[in-house]
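Number of protein chains: 4
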Amino acid sequence: MSDIKKAVLAYSGGLDTSVILKWLQDTYQCEVVTFTADLGQGEELEPAREKAKKFGVSEIYIDDLREEFVRDFVFPMFRANTVYEGEYLLGTSIARPLIAKRLIEIANETQADAISHGATGKGNDQVRFELGAYALNPNIKIIAPWREWDLLSREKLLSYAEKHGIPVEMKHKQGGSPYSMDANLLHISYEGRHLEDPAAEAEEDMWRWTVSPEKAPDAAEYLDLEFRNGDIVALNGKTMKAHEILAELNRLGGKHGVGRLDLVENRYVGMKSRGCYETPGGTIILKAHRAIESITLDREVAHLKDDLMPRYASLIYNGYWWSPERLALQTLIDHTQATVNGWVRVKLYKGNVIVVGRDSKTDSLFDSTIATFEDDKGAYDQKDAGGFIKLNALRMRIAANLHNRKK
Amino acid sequence: MSDIKKAVLAYSGGLDTSVILKWLQDTYQCEVVTFTADLGQGEELEPAREKAKKFGVSEIYIDDLREEFVRDFVFPMFRANTVYEGEYLLGTSIARPLIAKRLIEIANETQADAISHGATGKGNDQVRFELGAYALNPNIKIIAPWREWDLLSREKLLSYAEKHGIPVEMKHKQGGSPYSMDANLLHISYEGRHLEDPAAEAEEDMWRWTVSPEKAPDAAEYLDLEFRNGDIVALNGKTMKAHEILAELNRLGGKHGVGRLDLVENRYVGMKSRGCYETPGGTIILKAHRAIESITLDREVAHLKDDLMPRYASLIYNGYWWSPERLALQTLIDHTQATVNGWVRVKLYKGNVIVVGRDSKTDSLFDSTIATFEDDKGAYDQKDAGGFIKLNALRMRIAANLHNRKK
Amino acid sequence: MSDIKKAVLAYSGGLDTSVILKWLQDTYQCEVVTFTADLGQGEELEPAREKAKKFGVSEIYIDDLREEFVRDFVFPMFRANTVYEGEYLLGTSIARPLIAKRLIEIANETQADAISHGATGKGNDQVRFELGAYALNPNIKIIAPWREWDLLSREKLLSYAEKHGIPVEMKHKQGGSPYSMDANLLHISYEGRHLEDPAAEAEEDMWRWTVSPEKAPDAAEYLDLEFRNGDIVALNGKTMKAHEILAELNRLGGKHGVGRLDLVENRYVGMKSRGCYETPGGTIILKAHRAIESITLDREVAHLKDDLMPRYASLIYNGYWWSPERLALQTLIDHTQATVNGWVRVKLYKGNVIVVGRDSKTDSLFDSTIATFEDDKGAYDQKDAGGFIKLNALRMRIAANLHNRKK
Amino acid sequence: MSDIKKAVLAYSGGLDTSVILKWLQDTYQCEVVTFTADLGQGEELEPAREKAKKFGVSEIYIDDLREEFVRDFVFPMFRANTVYEGEYLLGTSIARPLIAKRLIEIANETQADAISHGATGKGNDQVRFELGAYALNPNIKIIAPWREWDLLSREKLLSYAEKHGIPVEMKHKQGGSPYSMDANLLHISYEGRHLEDPAAEAEEDMWRWTVSPEKAPDAAEYLDLEFRNGDIVALNGKTMKAHEILAELNRLGGKHGVGRLDLVENRYVGMKSRGCYETPGGTIILKAHRAIESITLDREVAHLKDDLMPRYASLIYNGYWWSPERLALQTLIDHTQATVNGWVRVKLYKGNVIVVGRDSKTDSLFDSTIATFEDDKGAYDQKDAGGFIKLNALRMRIAANLHNRKK
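Residue numbers (UniProt numbering), protein chains in the order written: chain A, 1 to 407; chain B, 1 to 407; chain C, 1 to 407; chain D, 1 to 407.
For the record, the hints were derived by calculation from the structure and aren't laboratory data. The structure presented is a predicted model; accordingly, all values stated were derived computationally and were not measured. Don't take each hint at face value.
Identical copies look the same in the list; a pair holds intra-copy or inter-copy alike.
Straight-line C-alpha distance at most 27 Å; calculated DSSO-like pairs for lysine-lysine [unchecked claim]: (1) K22 with K54; (2) K287 with K215; (3) K377 with K163; (4) K53 with K406; (5) K141 with K287; (6) K241 with K156; (7) K287 with K383; (8) K6 with K101; (9) K255 with K215; (10) K22 with K156; (11) K215 with K54; (12) K22 with K238; (13) K163 with K255; (14) K406 with K238; (15) K383 with K163; (16) K215 with K377; (17) K347 with K287; (18) K407 with K163; (19) K53 with K5; (20) K215 with K347.
All chains should be built: construct the whole structure from the sequences, respecting the hints.
This is the structure:
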């Protein structure tokens with residue numbers, strides 16, 4: 001263990017990573033660089049600086065990554081209408097590769113030979129951090145304290161903290177929530193405790209970002225979303241940056257009770273786990289993006305994307321953002337978005353996101369002269385359908401004839 | 001045209017198929033057998049008998065197919081969590097193969113050499129009827145009047161009707177709805193007119209099966225759904241037949257504003273078309289089925305199903321229910337449902353279907369002793385994760401090393 | 001029919017298209033532009049000019065498309081290791097989109113409003129020509145005489161030819177072969193007659209491009225193939241253009257009896273058909289391309305390509321080269337080829353193409369320090385495998401435990 | 001380590017597993033049960049009994065698994081036309097799940113609490129053995145000595161052997177081959193040494209089962225293969241059991257130089273590795289099975305199988321034979337084989353397997369009356385193709401029109 005000189009720690013300022021900070025210094029006798037990222041989780045980050053200083057840390061990184069996060073990670077993911085296991089919008093998964101990237105960049109800048117993180121050995125996040133780190137720096141050393149130390153119960157952790165003068169009031173930092181939580185601009189998640197029984201309904205006071213549908217306003221609210229190349233670029237006519245749009249959609253969705261999710265998912269490490277999520281803005285984006293694609297994307301291209309989506313979602317969920325296969329799929333996905341331009345109108349009301357209109361001045365493939373039930377003036381020859389059906393049926397007719405002969 | 005002796009007509013009793021009935025008799029000089037199916041569309045069928053008799057039809061079939069429809073078509077489809085283009089629950093598509101099957105059965109019984117239907121040459125339904133019919137009887141003749149005749153405008157149709165004494169008040173049969181509609185136990189659909197502009201919001205008074213979320217009750221309602229082999233077999237503790245369950249879920253969903261959908265879809269014949277759908281019961285089933293699978297299905301089996309689902313959905317949408325490839329996929333899908341047993345609790349509230357609990361006494365793969373954030377007493381060795389990550393990263397590390405050497 | 005002013009005909013100079021030329025002039029009373037392409041089929045093209053002139057054609061196109069064909073169609077296809085139905089290298093399919101493109105270009109240049117071709121109504125080629133043409137010019141008119149006229153038997157065709165002074169000796173142009181044949185730089189194909197019985201062995205004297213393995217030289221021959229970005233750029237150290245390489249590989253493969261294929265394939269129009277093919281150069285390229293990818297492509301990227309390949313192959317077979325979904329897939333495929341650089345050595349011997357070596361100075365991911373059976377000096381920690389296996393097994397162990405409890 | 005009472009060892013009788021036997025006894029102080037399987041590898045197995053006895057083993061299993069191996073593992077795999085990475089016929093992979101199954105069965109019979117094997121920590125076989133074992137007995141303990149001990153070089157192993165009186169002449173048992181080899185009825189494989197340089201050609205005297213194409217007979221040999229439900233049941237008219245057929249095909253293929261393969265493959269543990277394989281019988285089966293399917297399988301079913309095949313192949317390669325997803329896929333695959341009945345004639349000649357005919361009295365979907373180039377007497381209406389093409393082109397025409405308007 002003595003061969004590690006300097007480690008970059010993904011540091012939230014909370015109890016767990018504070019214990020890790022101290023534990024790294026003691027166990028590895030190494031210098032620690034702290035890295036705290038603003039991904040829009042809605043917490044003060046400056047306290048993390050003070051805490052790090054108290055532990056004698058001299059290289060402290062506190063980075064505002066919100067724009068990069070939404071522009072280069074969240075939006076590209078939504079271009080694929082990405083959903084894991086039919087439900088989950090990958091709010092935690094998509095933030096990890098950015099953190100991995102910054103950990104490696106900071107390791108390079110500070111000539112650190114290791115990185116460290118506070119993810120447990122049971123979860124997906126360790127995989128996401130480490131696969132990303134290895135892909136970006138194959139020789140980096142990785143310290144995952146939860147897989148190494150013996151502080152596996154909360155009591156042991158607290159006693160270690162007290163013994164080493166780590167402020168235990170930190171544990172109340174998250175308002176005393178009994179849940180294991182993660183938050184960034186895309187979502188907030190809850191796991192553990194009460195939720196470990198998948199039969200039990202989540203408690204109403206667990207939810208933090210959204211009001212319940214019951215408490216949402218009685219009046220619906222309409223939003224106009226403008227898309228360019230598959231990304232939302234303007235909201236109600238106002239052009240904004242990616243992270244500004246997501247923040248505003250979170251606010252609006254949260255207000256209307258949009259984006260709660262309660263599910264049991266399959267972790268990459270092999271177990272099922274129950275999680276609750278609030279993804280108000282993302283829920284709106286997904287609906288709206290499908291709607292704009294519905295008029296601007298060719299059928300077979302849309303179906304190709306749908307066929308590939310679960311695989312792409314699994315790659316992100318499993319931590320393969322920085323893999324060559326994710327990049328290959330992204331190349332295809334991004335290529336398809338060149339025509340995904342136009343606007344979508346959605347209505348928010350008590351938990352519902354309802355698409356009520358969509359159009360594209362430049363790229364609509366909806367051709368009302370053909371689709372009409374009225375006289376189309378020859379745009380489409382109904383007689384063509386006879387031949388279309390006949391040839392599509394041919395192989396089945398041959399088989400049925402054989403079948404009849406066999407009887 | 002004179003070589004057709006007898007044709008079985010899919011007959012609703014409405015204006016269009018009444019005109020077709022007469023037109024067939026006149027044009028083909030053939031006997032017509034009428035077939036009217038009760039698929040739960042919620043209309044009186046006996047008037048169809050009277051009308052058919054008026055046209056001199058002597059072989060009249062009016063069949064209650066509701067149980068077969070839900071048990072053998074709707075439920076098998078939901079076992080795959082089937083959704084077309086991310087949204088559409090295939091309410092129209094799934095009814096067509098059953099109608100095709102009955103048309104062929106009746107043709108065999110009545111020694112008819114042809115079948116006929118009222119689907120237009122622009123839509124998917126002609127394809128679904130005819131592919132099904134050809135697959136089941138390769139030598140059947142098919143008459144699709146909309147592709148043959150010149151009554152392509154409403155005026156011409158009405159004038160033909162008046163000329164031949166076909167009661168035109170029929171046109172008000174559907175309450176004078178200006179939409180092209182289709183209904184069965186799974187859904188009701190709307191197309192045409194106002195909806196032909198995808199930018200325009202659907203009018204509130206178009207919807208028939210569901211109240212608007214705004215008008216739904218202020219109190220939520222909880223449902224307990226029991227699954228056996230992937231199908232719902234009991235509702236709130238009461239065992240019911242497939243079609244009874246769907247009818248009851250429609251009632252409950254409709255009451256709570258559940259299951260409205262407004263989308264632009266890609267037809268098999270090549271055009272985009274805007275449709276609105278109400279699928280209250282189906283919307284509940286889809287959510288609940290995913291939830292019961294989430295605890296009873298192996299991860300990789302679930303992902304395999306997710307990967308195949310869009311293909312399976314397209315097969316049904318495109319009319320290939322009776323194809324060998326649909327059957328092959330169904331074999332796989334049904335095989336996976338042996339362990340899909342247990343219950344799901346959902347909450348209906350103003351358009352929302354919220355899963356709040358799920359469990360299985362016999363088949364839950366959720367293992368709280370492993371997933372727990374608390375001490376798991378050795379059920380899972382966190383150190384295993386290190387090797388798991390290292391080997392999964394190996395190929396990317398080798399590539400990154402090569403990349404570094406190249407620089 | 002009178003509304004067509006000028007039609008561009010894909011004209012081989014042979015009997016069939018000469019009859020079509022005349023038939024177009026007579027039936028449509030339109031001007032005809034002839035287009036004859038050199039795709040490396042190995043025939044004199046100038047006679048086509050003389051014949052066209054005899055029919056009074058004034059706009060005659062004879063284009064050498066060999067380089068474009070191999071560079072922009074054949075090579076991109078082989079980047080995907082494309083094989084239809086496990087066997088067929090798509091020699092005919094891949095030439096059609098280029099012909100379609102030139103037909104449309106010439107129609108634009110000559111202000112023609114229609115194109116015409118000699119493909120029958122039973123085959124795939126009509127589909128490939130016409131889908132391509134429609135995709136490139138949605139308003140083009142297409143005349144497919146075989147679907148229109150009544151010259152459906154050889155006798156009728158000959159009698160028409162004689163009646164209109166079309167030299168019937170043309171029918172012996174292909175050496176009197178009784179087969180329906182197609183040739184270009186990638187392959188020559190045979191269909192019809194004797195081959196219509198799939199139980200019957202093809203006759204030895206049918207084959208034209210390859211000697212039989214039995215007659216091939218007794219001495220093997222080694223080839224060194226150099227790849228850049230997935231394409232062969234040099235043969236035995238000599239840099240050549242795409243079409244020159246393919247021609248030389250055809251010569252070498254043909255000499256060694258490489259590339260014969262006898263199969264029953266599924267046509268897009270719904271029937272099975274028996275075909276024999278000679279693809280000597282393509283057979284070598286496929287083997288060599290897989291070999292260079294085996295050391296330069298990431299595992300998961302290679303598997304992604306393998307998963308998508310059958311779909312890509314079907315797109316080409318079915319005539320969707322100019323579709324947006326083929327383009328989207330090509331974008332992914334081409335993206336993956338950036339690292340496919342290096343060389344492959346193959347041995348040709350009596351029908352066999354045997355890969356005997358492969359390497360890449362710049363892009364080999366083969367790392368002998370890790371793969372070695374000898375001491376790897378710590379490059380790979382075998383203990384990691386334990387954790388890798390344990391976590392990959394976890395879901396199956398949980399299921400087995402449940403299974404045991406149920407018993 | 002002291003908690004293991006009895007371990008079942010997969011014992012070949014060779015040096016490595018003999019060292020393991022002794023090492024297990026010494027290290028774990030446990031009883032050892034030996035299990036030696038006859039999978040058709042062509043070696044005397046009785047010597048293994050003598051050796052085991054010498055080490056004091058009292059429970060010795062020597063099982064002839066040849067029929068089960070081919071009938072229940074090899075043949076089901078070939079029903080899917082299974083090939084890994086375009087080339088590899090999975091000869092090693094498919095034997096491992098059977099060995100895993102027997103290890104667990106024997107552990108149950110002998111009340112052993114552990115199993116052990118001689119696979120290294122770098123390869124795929126450890127994964128295949130252990131995933132299989134865990135799936136069949138989730139609580140089994142697994143000892144993988146190569147991942148535990150320090151005998152990682154050949155010298156250390158030999159010195160351990162000499163020290164413990166293990167006959168070192170065993171090392172010459174495989175004729176002194178310098179390669180790491182594996183053999184069973186499906187194939188023999190070679191890895192290591194000279195082959196670790198992928199640029200170097202394999203040496204001719206490495207190959208053991210096949211003559212070189214150069215030394216194969218100058219006269220071709222024809223075989224008639226009869227299929228029932230996708231499996232070969234008779235060879236040249238003689239009905240045989242599965243393993244007898246494979247043995248005979250190996251003899252015939254080997255005689256004619258059929259089935260050599262030299263490739264670089266991607267291991268599940270993350271590295272590329274070079275291997276050479278001889279699979280004479282399997283190479284013939286693959287070709288013949290595709291041929292019988294070509295006339296008896298529906299197009300879309302065949303394409304579905306082709307789309308799923310790479311996934312199925314990876315499952316087997318990666319060791320997931322006993323997983324629920326492999327079983328789900330097998331259910332689909334087996335379902336499709338009900339009509340795969342008939343015969344195929346192949347010609348073997350100097351390394352070539354050439355399909356020269358195929359037919360099925362009961363299940364041929366090849367309909368010469370439709371496919372014919374001659375007059376089909378109305379079996380197929382060529383005019384249908386026009387409508388077929390028009391509707392398939394519609395979406396591309398709409399897009400092209402939009403594209404033109406934009407210009």
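How would you classify K287 and K215 at a CA-CA limit of 27 Å: within, between, both, or neither?
-> Answer is both: 23 Å inside a copy and 23 Å across each meet the 27 Å cutoff.
At most 27 Å between C-alpha atoms: does K163 with K255 qualify within a copy, between copies, both, or neither?
-> Classified as neither; 43 Å inside a copy, 60 Å across copies.
Which holds for K215 with K347 at a C-alpha limit of 27 Å: within a copy, between copies, both or neither?
-> Both: 17 Å inside a copy, 15 Å across copies.
Taking 27 Å as the upper bound on the Cα-Cα distance, should K53 and K5 be classified as within, between, both, or neither?
-> within (19 Å within a copy, 54 Å between copies)
When no copy is named, should K53 and K406 be tagged within, between, both, or neither for a Cα gap of at most 27 Å?
-> For K53 and K406, the Cα distance exceeds 27 Å both inside one copy (85 Å) and across copies (39 Å).
Which holds for K6 with K101 at a C-alpha limit of 27 Å: within a copy, between copies, both or neither?
-> Only inside one copy: K6 and K101 sit 17 Å apart there, 48 Å across copies, limit 27 Å.
Go through the copies and call it for K407 and K163: within, between, both or neither, with a Cα cutoff of 27 Å.
-> neither (84 Å within a copy, 48 Å between copies)
What label fits K215 with K377 when the C-alpha limit is 27 Å: within, between, both, or neither?
-> neither (52 Å within a copy, 42 Å between copies)
Is it within, between, both, or neither for K22 and K54, if the alpha carbons may be no more than 27 Å apart?
-> within (10 Å within a copy, 57 Å between copies)
With identical chains treated as interchangeable, where does the CA-CA distance between K347 and K287 reach 27 Å or less: within a copy, between copies, both, or neither?
-> both (11 Å within a copy, 22 Å between copies)
Checking K383 and K163: alpha-carbon separation at most 27 Å within a copy, between copies, both or neither?
-> This pair counts as between: shortest inter-copy Cα distance 26 Å, intra-copy 84 Å.
At most 27 Å between C-alpha atoms: does K241 with K156 qualify within a copy, between copies, both, or neither?
-> This pair counts as neither: shortest intra-copy Cα distance 45 Å, inter-copy 55 Å.
Going down the numbered hints, you'll see the structure goes against 4, 5, 6, 7, 11, 12, 13, 16, 18, while the others check out.
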